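Residue numbers (our numbering), protein chains in the order written: chain A, 1 to 211; chain B, 1 to 750.
Keep in mind the hints are simulated off the structure, nothing from the lab.
Keep in mind it's a predicted model, so treat the numbers as computed, not measured.
Careful, some of the hints might be misleading.
[Said to hold, decoys possible] Straight-line alpha carbon distances no greater than 20 angstroms define the calculated EDC-like cross-link-like pairs of lysine to aspartate or glutamate that follow: (1) Lys-499/B with Asp-167/A; (2) Lys-425/B with Glu-511/B; (3) Lys-97/A with Asp-696/B; (4) Lys-425/B with Asp-390/B; (5) Lys-139/B with Asp-103/A.
[Said to hold, decoys possible] Rough simulated footprint, nothing fancy, chain B against chain A, three-plus residues with beta-carbon under 8 angstroms: (6) 69 to 81; (7) 99 to 110; (8) 116 to 130.
[Claimed, not checked] Distance windows between CB atoms, simulated: (9) Ser-26/A with Ala-611/B: 55 to 61 angstroms; (10) Pro-722/B with Ser-87/A: 39 to 45 angstroms; (11) Asn-613/B with Ser-95/A: 27 to 33 angstroms; (12) Gly-730/B with Thr-89/A: 50 to 56 angstroms; (13) Gly-495/B with Thr-89/A: 25 to 31 angstroms; (14) Thr-32/A with Ser-719/B: 44 to 50 angstroms; (15) Thr-384/B with Ala-126/A: 39 to 45 angstroms; (16) Gln-516/B with Thr-32/A: 45 to 51 angstroms; (17) Thr-145/A with Gln-144/B: 54 to 60 angstroms; (18) Gly-728/B with Ser-26/A: 51 to 57 angstroms; (19) Ser-87/A with Lys-139/B: 26 to 32 angstroms; (20) Gly-555/B with Ala-74/A: 36 to 42 angstroms; (21) Ser-656/B with Thr-32/A: 57 to 63 angstroms; (22) Thr-253/B with Ile-179/A: 54 to 60 angstroms.
Every residue, glycine too, gets a C-beta built ideally from N, C-alpha and C.
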Amino acid sequence: MKVFAKLLLGCAVAVAIALPASAQISLSLSPTGYTVGVGGTETYNLSISGLFGSADYHGPALGAFALQLDYNPAIAAATSVTFGNSSGTDLLNLSGKAFQYSDLSTSGQIYLMESSADLASALQTAQSSSFTLATITLQGVAPGTTPLAFDATYAPSLSDANASSLDLITTNGASLTVIPEPSVTASVFGAAAMGFCMLRRKLSRVAGCKA
Amino acid sequence: MQLHSTLTSEIFFSRSLVATMWIHRPWKAQMRRSCGATWQTCDNAHYSQRAFDKRLIWYGQISFYVLITNSINMQKASFIKAASAAALALCIGAVSASAAAPTSQVWKFGVLSDTQWVSADDGKSPESTPASMIQQIDKVFIAQGVKVVIAVGDTVDTSTPMTQATRALYSQDLYNAGIAFYPLRGNHDAELANSGANFATLYPQIINDGWNNLTPAWDTPLYIESNLSSTDTGLQTLAKLTADFNTGVPPATPAGSSFQVGGNFSYPTTNCPLSGISGYPGATTGNGLSYSFDVNNVRFLLIDQFMDSSLGGNTSSAPAQLPWISQQVSDPARPAHAFVFSHKQLLGGNHKDNLFGANVVSADPGDGYGVTGLTGANLTAMQTKQSAEDTFITALSDNNVHYYITGHDHHHKMSVVQSPLHPAKAIHQIISQSDSSKFYTPGTPFSANETSISEDLYQVGYYIYTVDGPRVTADYYSVPANTTGTFATTPVLTGNWQKALTFGYSLNGQEFQVAQGNSYTAISDTTAKAILNAAAYGESGYVGTAVQILNGTNGSALKTHDGRKLTKAVDTGWAPANGTISDIVTLWGLTDLAASQTDTIVVSVSFNTSAYNASDLQNGLYCLGSQDLKSGGWINAVDDNIVGGTKGFVYGPYSSSYGLGTYGIDPVAGTAWAVVNGPNRNFAVIPTPTTPLPSDLNGDGVVNTADATLLSRAIATHSTNPVYDLTGDGVVNASDLKWLMLHYTNVGGK
Numbered sequence: 001m002k003v004f005a006k007l008l009l010g011c012a013v014a015v016a017i018a019l020p021a022s023a024q025i026s027l028s029l030s031p032t033g034y035t036v037g038v039g040g041t042e043t044y045n046l047s048i049s050g051l052f053g054s055a056d057y058h059g060p061a062l063g064a065f066a067l068q069l070d071y072n073p074a075i076a077a078a079t080s081v082t083f084g085n086s087s088g089t090d091l092l093n094l095s096g097k098a099f100q101y102s103d104l105s106t107s108g109q110i111y112l113m114e115s116s117a118d119l120a121s122a123l124q125t126a127q128s129s130s131f132t133l134a135t136i137t138l139q140g141v142a143p144g145t146t147p148l149a150f151d152a153t154y155a156p157s158l159s160d161a162n163a164s165s166l167d168l169i170t171t172n173g174a175s176l177t178v179i180p181e182p183s184v185t186a187s188v189f190g191a192a193a194m195g196f197c198m199l200r201r202k203l204s205r206v207a208g209c210k211a
Numbered sequence: 001m002q003l004h005s006t007l008t009s010e011i012f013f014s015r016s017l018v019a020t021m022w023i024h025r026p027w028k029a030q031m032r033r034s035c036g037a038t039w040q041t042c043d044n045a046h047y048s049q050r051a052f053d054k055r056l057i058w059y060g061q062i063s064f065y066v067l068i069t070n071s072i073n074m075q076k077a078s079f080i081k082a083a084s085a086a087a088l089a090l091c092i093g094a095v096s097a098s099a100a101a102p103t104s105q106v107w108k109f110g111v112l113s114d115t116q117w118v119s120a121d122d123g124k125s126p127e128s129t130p131a132s133m134i135q136q137i138d139k140v141f142i143a144q145g146v147k148v149v150i151a152v153g154d155t156v157d158t159s160t161p162m163t164q165a166t167r168a169l170y171s172q173d174l175y176n177a178g179i180a181f182y183p184l185r186g187n188h189d190a191e192l193a194n195s196g197a198n199f200a201t202l203y204p205q206i207i208n209d210g211w212n213n214l215t216p217a218w219d220t221p222l223y224i225e226s227n228l229s230s231t232d233t234g235l236q237t238l239a240k241l242t243a244d245f246n247t248g249v250p251p252a253t254p255a256g257s258s259f260q261v262g263g264n265f266s267y268p269t270t271n272c273p274l275s276g277i278s279g280y281p282g283a284t285t286g287n288g289l290s291y292s293f294d295v296n297n298v299r300f301l302l303i304d305q306f307m308d309s310s311l312g313g314n315t316s317s318a319p320a321q322l323p324w325i326s327q328q329v330s331d332p333a334r335p336a337h338a339f340v341f342s343h344k345q346l347l348g349g350n351h352k353d354n355l356f357g358a359n360v361v362s363a364d365p366g367d368g369y370g371v372t373g374l375t376g377a378n379l380t381a382m383q384t385k386q387s388a389e390d391t392f393i394t395a396l397s398d399n400n401v402h403y404y405i406t407g408h409d410h411h412h413k414m415s416v417v418q419s420p421l422h423p424a425k426a427i428h429q430i431i432s433q434s435d436s437s438k439f440y441t442p443g444t445p446f447s448a449n450e451t452s453i454s455e456d457l458y459q460v461g462y463y464i465y466t467v468d469g470p471r472v473t474a475d476y477y478s479v480p481a482n483t484t485g486t487f488a489t490t491p492v493l494t495g496n497w498q499k500a501l502t503f504g505y506s507l508n509g510q511e512f513q514v515a516q517g518n519s520y521t522a523i524s525d526t527t528a529k530a531i532l533n534a535a536a537y538g539e540s541g542y543v544g545t546a547v548q549i550l551n552g553t554n555g556s557a558l559k560t561h562d563g564r565k566l567t568k569a570v571d572t573g574w575a576p577a578n579g580t581i582s583d584i585v586t587l588w589g590l591t592d593l594a595a596s597q598t599d600t601i602v603v604s605v606s607f608n609t610s611a612y613n614a615s616d617l618q619n620g621l622y623c624l625g626s627q628d629l630k631s632g633g634w635i636n637a638v639d640d641n642i643v644g645g646t647k648g649f650v651y652g653p654y655s656s657s658y659g660l661g662t663y664g665i666d667p668v669a670g671t672a673w674a675v676v677n678g679p680n681r682n683f684a685v686i687p688t689p690t691t692p693l694p695s696d697l698n699g700d701g702v703v704n705t706a707d708a709t710l711l712s713r714a715i716a717t718h719s720t721n722p723v724y725d726l727t728g729d730g731v732v733n734a735s736d737l738k739w740l741m742l743h744y745t746n747v748g749g750k
């Protein structure tokens, strides 16, 4: 029993000391892949993770972010952006005074910016190490697959509550696969089947004559 | 009150000239080979060359004694009178020090502490040395333009010849940038027999008159084995170390020539010679380990408490050095500022052993506070230790030493420590945040002789001290460690630094300690002392000004980890008028740790209202300004306010009914005042700015959503226009948007 306890303690210590020394801040879209029909819509969560949580003695809270997402406008269209999570909770907008900016007017690009008006202490208390910044809805336009990716040239920027930049380590984008509408699929399949039957009948007649 | 003020001036030839005169590194390597001896022996053979070089360096020192017999502590009631007296003092030229050479140039030094890696090497931390962390910190020291870096002990975790040599290798980034590095041994360094001998070999600048970049032959790690230890018992094999250097975080390749930073080196050879350290390479037996030296207008005094190796790691040879310490800080030829460093502190959070030895009993917090019933040897030990602490604190307190800087406790803690025997004698103790992979949590017992100012746990950190004539500003930067115990993976520090705290003092100002819930109105100062000492500090142009806080309460609720309330130490400092109507007053210490704003306070600064047209004063053409921390430009002080308030001008005295954002001119008191809460700390009376604020992007006089939208469009279009780079970091991004928001609702009123 004692040996087991020691082993357990050893494992716990090993886990404890294996904790990352500092956060690896990342921005992610989830889910990573959706499939919709033409005209259908799907909503992605834009989340941040790796912030220093409230358990830290003091760590930077997220005070603002600015980013650009890219997609193929021949396949999809951005229809709406909502700041905060799907329940409407926005951890950068505790007092309702945050500045929010989104621009979907440029085909294939989504601009998202938000800056909190809340005090650093309030943000630090409210925010956990991971939370949802916004939700983004895309609509399928034409069959195909498009990435929904963080712009490779202009990296997202993050700021703490005191206007100091936070170092973003990774970004993880998503994709949208658009398939033809069910009605279109059915008609195409049906037409193909009819064509096949007609061809078969024609071939049968030709064979009969020969006989 | 007597005030002793000294000034030291150093004038060097340019580094390049010295470099060409000084022995070249490849030559030195050649000499080592041709001598067939150790590098040090060979180097000693060329001391005559060095002496010749030194004759070419004119090192001047001018000292002044200014004896002021009148008290200059001004009471609140005499505020206006004092302002007049200050102006009068300027007119009559109270001090004549015409021969003074100005030393008011701004320069910086850095401090890091406890570079200990306690976990297995993760590929970036060989030989118990957090090499990557050190390189990341050195990178910011280089970027900040420091001239000197001080390491306050425990340079490695497990001390062996190999680990010590490894740590020394990672000083090379500093040397290559022309930055002097002055380390101090801690208990972890001293746990190795003869570590002192190695230390002076690895850091020859501490015994060679401040000539840096002389660390021997780093071309190959083989040197470590062949020259420092033939029986290495280090944590890793040489092969592993070499692999680390080749594939992990290789130390910088030496570049450039040796260079000298510092002069007037002194060592406690008389009272506390080295003991039990064989093979010590010092030119004079006993030189090194504890040492003091001067750079510009600062004396650095580093105390090694392990100079008698027979005493063991938990006792101290510091008591024997007290005569030398006292002599160094009271030296009439001492530069204006003096900073005293040691590894162990006087009163620690986690550690109760201190500069003068182990705690006598478990209830001893370090200074014997609260300990009763001691008898015999324990009583004698306690009395001896308290006497040493009293002598130490008194020496520093009496000789205008403001900061005593230490390490050892692996967290940031700033406090005022009183002598256990004479409470009127006190010093500021700054326990430096560590650069280690392990963290300590404070615990009982604590001493009531300690007044806690700030505390920060579980971080990696460093400090930049900026010396500007009589003024010193310290910035503490940190990155959260994300653990309260130990981490095993080297953290990414670059890009994650936060300026967590700024504090400072001035030799021409005062300090006011304000407890939580107490009023700031006791804060009142004039330029009287600044004017009297202006020449000694190389300054001129004071017009005579007074400052007073008219309203405000210390509303902080911050406590130490163990629940003791923090006190604010608010320091005033003065600089002469420079494009401003009044002299410039600095207020340090009003901001809490990691906060971007102060309590709401009313700052009032005097000026000669009779020199200005009454209608101009009435129309708000003059105001209390503050100097923007990022741009350095002067703005209306209320435009720096953070979130909230209504901007409005009043011609008349301040009233408690006025809220945040109100500012005014009081023609009767002859002051400009403002209700503020922003982070700017330099205040002066200025002509009210007519140009739009940097954040007012559309120039309509207010900073609001319209400006934020403009900025957002600029970010979206990837603008590089510096107009939008409000933070001045070279890019237009989310930080600028946040900066604009911080100055959003109050500017111009809404």
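Tested hints:
no. : hint                                         : in the structure
1   : Lys-499/B with Asp-167/A                     : 15 angstroms, holds
2   : Lys-425/B with Glu-511/B                     : 14 angstroms, holds
3   : Lys-97/A with Asp-696/B                      : 19 angstroms, holds
4   : Lys-425/B with Asp-390/B                     : 8 angstroms, holds
5   : Lys-139/B with Asp-103/A                     : 38 angstroms, violated
6   : 69 to 81                                     : violated (count 0)
7   : 99 to 110                                    : holds (count 3)
8   : 116 to 130                                   : holds (count 5)
9   : Ser-26/A with Ala-611/B: 55 to 61 angstroms  : 59 angstroms, holds
10  : Pro-722/B with Ser-87/A: 39 to 45 angstroms  : 40 angstroms, holds
11  : Asn-613/B with Ser-95/A: 27 to 33 angstroms  : 43 angstroms, violated
12  : Gly-730/B with Thr-89/A: 50 to 56 angstroms  : 34 angstroms, violated
13  : Gly-495/B with Thr-89/A: 25 to 31 angstroms  : 28 angstroms, holds
14  : Thr-32/A with Ser-719/B: 44 to 50 angstroms  : 32 angstroms, violated
15  : Thr-384/B with Ala-126/A: 39 to 45 angstroms : 53 angstroms, violated
16  : Gln-516/B with Thr-32/A: 45 to 51 angstroms  : 50 angstroms, holds
17  : Thr-145/A with Gln-144/B: 54 to 60 angstroms : 48 angstroms, violated
18  : Gly-728/B with Ser-26/A: 51 to 57 angstroms  : 27 angstroms, violated
19  : Ser-87/A with Lys-139/B: 26 to 32 angstroms  : 43 angstroms, violated
20  : Gly-555/B with Ala-74/A: 36 to 42 angstroms  : 58 angstroms, violated
21  : Ser-656/B with Thr-32/A: 57 to 63 angstroms  : 59 angstroms, holds
22  : Thr-253/B with Ile-179/A: 54 to 60 angstroms : 58 angstroms, holds
The structure fails to meet hints 5, 6, 11, 12, 14, 15, 17, 18, 19 and 20 from the earlier list, while all remaining hints are met.
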